[in-house]
Amino acid sequence: MTDVATSHDAPASPTAVAPLLTLRGISKSFPGVRALDDVSLEIYPGQVTALIGENGAGKSTLVKILTGIYQPDAGEIAIDGRPVEFGSPHRAAQQGITAIHQETVLFDEISVAENIHLGHAPRTRLGLIDWGAIRGGARKVLASMGAGHIAPETRLKELSIANKHLVGVARALSIDARIVIMDEPTAALSYKEIGELFTLIEMLKADGKGILFISHKFDEIYRISDRYAVFRDGQKVGAGMLPETPQAEIVKMMVGRSVDQIFPKHVAAPGETVLKVEDLSHPTEFDGIDFELRRGEILGFYGLVGAGRSEVMQALFGLTRPSRGSIVLDGQAITPQSPADAVNAGIVYVPEERGKQGVVIGLPIFENVSLPSLKRTSLHGVLRLKEEFDLARAYTERLDLRASSLSQDVGTLSGGNQQKVVIAKWLATGPKVIILDEPTKGIDIGSKAAVHQFMGELVAQGLAVIMVSSELPEVMGMSDRIVVMREGRMVTTLENKDLSAEALVSAAAGIRGEDA
Amino acid sequence: MNEHTSIDAAVPRHIPDRLGSPLRARLLSWEMLLLAVAVAIFVANSFASPYFLNAWSLSDLTFNFTEKALIALAMALLIISGEIDLSVASIIALCSTFMGLAAQYGVGTPGLVAIGIGTGLLCGAFNGFLVTRLGLPSIVVTIGTMSLFRGVSYIILGDGVFKGYPASFGYFGQGYVFWVISFELALFLAAAALYYFLLHRTSFGRRIFAIGNNHVAAQFSGLRVGRIKFMLFCLTGLMSGIAAVLLTSRLGSTRPAIAQGWELEVITMVVLGGVNILGGAGGILGVVLAAFIMGLMTFGLGLLNVPGIVMSIFTGTLLIVVIALPILFRRLRNRRHARLA
Amino acid sequence: MKALLKQREFWLLAVIVGAVWLVSLRSPSFIQLPSLANIFNDTSILIMLALGQMVVILTRSIDLSMAANLALSGMVVALLNVALPGLPIPVLVLVAALFGTLLGSINGVLVWKLNIPPIVVTLGTLTIYRGLIFVIAGGSWVNAHQMTDAFKALPRADLGGITVLSWFAIVAVGLFYVLMTRTSLGRSFYATGINPTAATYVGIDVGRTRFIAFCVSGLVSGVAGYLWIARYAVAYVDVAGGFELTIIAACVIGGVSIAGGIGTVAGAVLGALFLGVVNNALPVVNISPFWQMAISGLAILLAVIFNARIERKRGRIILKQAEHAA
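From first to last, the protein sequence lines stand for chains A, B and C.
If you read the first sequence in the working numbering, its first letter stands for residue 1411, the second for the next number, and so on.
If you read the second sequence in the working numbering, its first letter stands for residue 1104, the second for the next number, and so on.
If you read the third sequence in the working numbering, its first letter stands for residue 416, the second for the next number, and so on.
Same shape as in the complex, but just chain A:
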């Protein structure tokens, strides 16, 4: 593949090593979508291969095929050159493939030790589970990772996300997997924890394991990876050795265009303050949040996943009760006890979990749009379908929704179009403040542009927008000001003028200027 020696201390020269895992010609389609199109990929022992691509590029589908959840429509998978088939997650695990996911898929109610050993528990001579060996093994593997502070007897649900991740890694180590897939493992980790994780990855490498590393963060990719593969729209658009390939080139492969074009510049002409939040705090999630939001402004909230941004928004939306602090909307103090209160006051929320919290799958588009506005479309509680259709059409067409009819189940729409339905639903209520939580997560570039375009129109009409986003280009391309959060606290509020990406990332990751 390449004849350039690397500066990494991978065992022997990479060229001499045969790939551990080979994918050839893998394709996978879903109704209406070609998620993977004739994709090939190699994973080498003792090396980290970074899988790079935008959301929707086909990375998750690939991971699901590798872990046996999806079966490919075409193509073949080989381990050590021998073709294998992953009929089920269990088969994939037996072939030595393990995955560590963004949201750890482990078992909350049982102990750390059992989580590490479930499915491959050591037995006594009588064939019974050997709890002593399980606890001992767990203690040993955790200690070897430098995670001795996690007691094997603790129930998993008592742990923080970072520690749950460590348990996931411990499990991968203990089942002696040959291929470890890490799907955005650093998303919820602090800077220090990321450093610890990378030490672990070096351990895995030295052990000869093949690692597939998925991340959106280029600094991490360059720090840990030996190779890369870039995906776009279900196809592999490039691969090679890492330190030699400049970042700009990879970014170009990823988006297929230069980043600036994506964001419609809107002219900020902020008016008077609409929302003023002071010292908003929660016992376990966030502390001392202060900010002001002005009419005609997009206020970005940036931070790592798990920094507490969504939690702040959910308190504003009445989903959780803050322990202290005040929310003042249009000069009036409000204490929303439920989303219904927040909506009545004029605060609406487009949640991150679109399928679970945004749209009601199973109901048609028009019923989704009219749901919060039923009081207006009905007469004395009696439905008036015509009013509902009119309302739904007015707002969905403004957002350029692609659907064959308004009676179509919203579940049959693409993610981007579902997001348009959610936004239409809220615009129909005539809100003052609209909160968008990761508004373009997992949607295609076309819909993304439509959502961004529309955000610009909203503020132009005098609406105030809060946008929570973990995507750096989006935050920098769309926001007027940016609030940076870390570990439940506000780090700083920055004017989005001549702001460097490095400054933003360092603030979010908690790095002092000079060590960045």
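If you are wondering where the hints come from, they were derived from the structure by calculation, not from laboratory data.
No residue lacks a Cβ here, since even glycine has one placed at the ideal position from N, Cα and C.
Be careful, since some hints might not be right.
[Unchecked claim] Cross-link-like lysine to aspartate or glutamate pairs, in silico, EDC-like; alpha carbons within 20 angstroms at most:
hint, chain 1, residue 1, chain 2, residue 2
1, A, Lys1796, B, Asp1120
2, A, Lys1550, A, Glu1452
3, A, Lys1842, A, Asp1751
4, A, Lys1474, C, Asp620
[Stated by the list, open to error] Stretches of chain B that chain A covers, calculated by requiring three or more beta carbons in the stretch to come under 8 angstroms of a beta carbon on chain A:
hint, stretch
5, 1298–1307
6, 1312–1318
7, 1322–1328
Since the structure of chain A is already known, use the hints to place chains B and C on it.
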């Protein structure tokens, strides 16, 4: 992921309200299947017994389902919203016991009816409070109140019996509104029309479907999910209270074992009527048809001298088959599609 | 931390001991061994059934057909005993066990292969099994005088001071304890209930695990069917009518979460014993046995409120000091 809409025309497109006519869908609906089953049983019954096709025996047969079916109407709404109430039969027992107790003190018919319905409403509110305010699973809560409500009846009555209801109280369960149309049947038909309207034509009904399909997204859309569920528990309690008035009036006596096991029959009726036990889908028409089917079957087998308990084999099988068939069909169709692809 | 884990069972035990002690203030003989052995004997069948139900509930399912299964399996062996009086009793117990397992496996197949919600499946089979009793017995009862003496004697037989019926329960508790804590099958019941998706990842076939759970509850119901019929020496359609909910009540009181994944053998046993103590204590303290139903209803509600407080889900715990405080 997996969405790749093309960025074509920049002009907003017109989106139609609906595609095609809903007639075809309606012809193949669950309700049509139930109607066919009902007609088949009706025809079979009329062949099986010469006494069946008689206005009075047809009227008689309605008595064996109207009380349960009244509860099933409210239960359908509750199950569509994603909850369940197993305590309905026990609510009947408690309502009936309180009515009997009041009758001992000479309370008149209007007072008795008020006590019966009021008790039902309070029991429903109690269930609703435990489920929506304390956030407990309704299946466990109502297994608990099922024991509690009937338990209170046992405490009050022991192995005794309340009799001596005023003569005018007998009208609700024994009276006729017009010719062979009993008060019970008339009430049920009126209630069915009302519930149909409530579920399918009002914003309240729309919210029930939204909650049942996805209560989180419903809450995130600004619906007061807890309040609506609370109201549905109250409604179910209220209907149980009404059923208690009818049943007590029909029997003319109260024992603590009254309406034993009805909760399962009511739920069977609802599920048979096409309501998804997991919530989110269903309709009143199906429930009404299912009520008639169960009534016709009980009555028909009775004409053939088949005991009621054997009839339960048919009900149970019908329940499972009716749920399993669409699943099998869908699977078969998918397999064929896969082979063609 | 360990104490916290044990809390629920500990408190339930404390409540039971406290109740026994209170009753013994009025009637000192209540706390003596013969009386306690008698309570255990009375509760033995419920203990076994609660253990079977627990396994099903752990996998996010429910078995409403256990009592009907018990009655049908009991009727089958009763009729077998009448027809072939020479058949040895162990064979009959085996037949009851196999027949119960068969009935349970029907539930399991419908849940596993057709994906029908367990509550619907077992609601259906509950009515079918009850109806079948009537059919196979031709609508008549099997009375004490038709059964052989050996058939009736086994549960009452004395073995080392306690009855064989009690021994059945003790052995069942032991077997379930080993199953649930020391075998991978037992652990997979938990894993399936806690997180079915993750269970699939670690190689557990969720559907098959549910199927096995229903077979286990069926097996227990079958054995309990023989014991029940033999102990009360009569078999008819309505044997153990409504008992399915008492079984679930025992589980709920014992801290088994209806949402799956949470529950222990000790909890289920204590939940059943609680109901047994209440049953036996009421006459002793001169309270009408008619109070029993209301008390168990109240106990279910209190237990579920108590459990919900313990299991309350917390957020992500982002603030550092909050994690240490937790």
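Going down the list of hints, with the structure as the test:
1. A:Lys1796 x B:Asp1120: Distance ~9 angstroms between Lys1796 (chain A) and Asp1120 (chain B) Cα, so the pair holds.
2. A:Lys1550 x A:Glu1452: violated (32 angstroms)
3. A:Lys1842 x A:Asp1751: holds (14 angstroms)
4. A:Lys1474 x C:Asp620: Roughly 17 angstroms separates the two Cα atoms, so the pair holds.
5. 1298–1307: holds (count 4)
6. 1312–1318: holds (count 4)
7. 1322–1328: Three-residue rule met by the stretch 1322–1328 of chain B, so holds; n is 6.
Hint compliance for this structure: hint 2 alone is broken.
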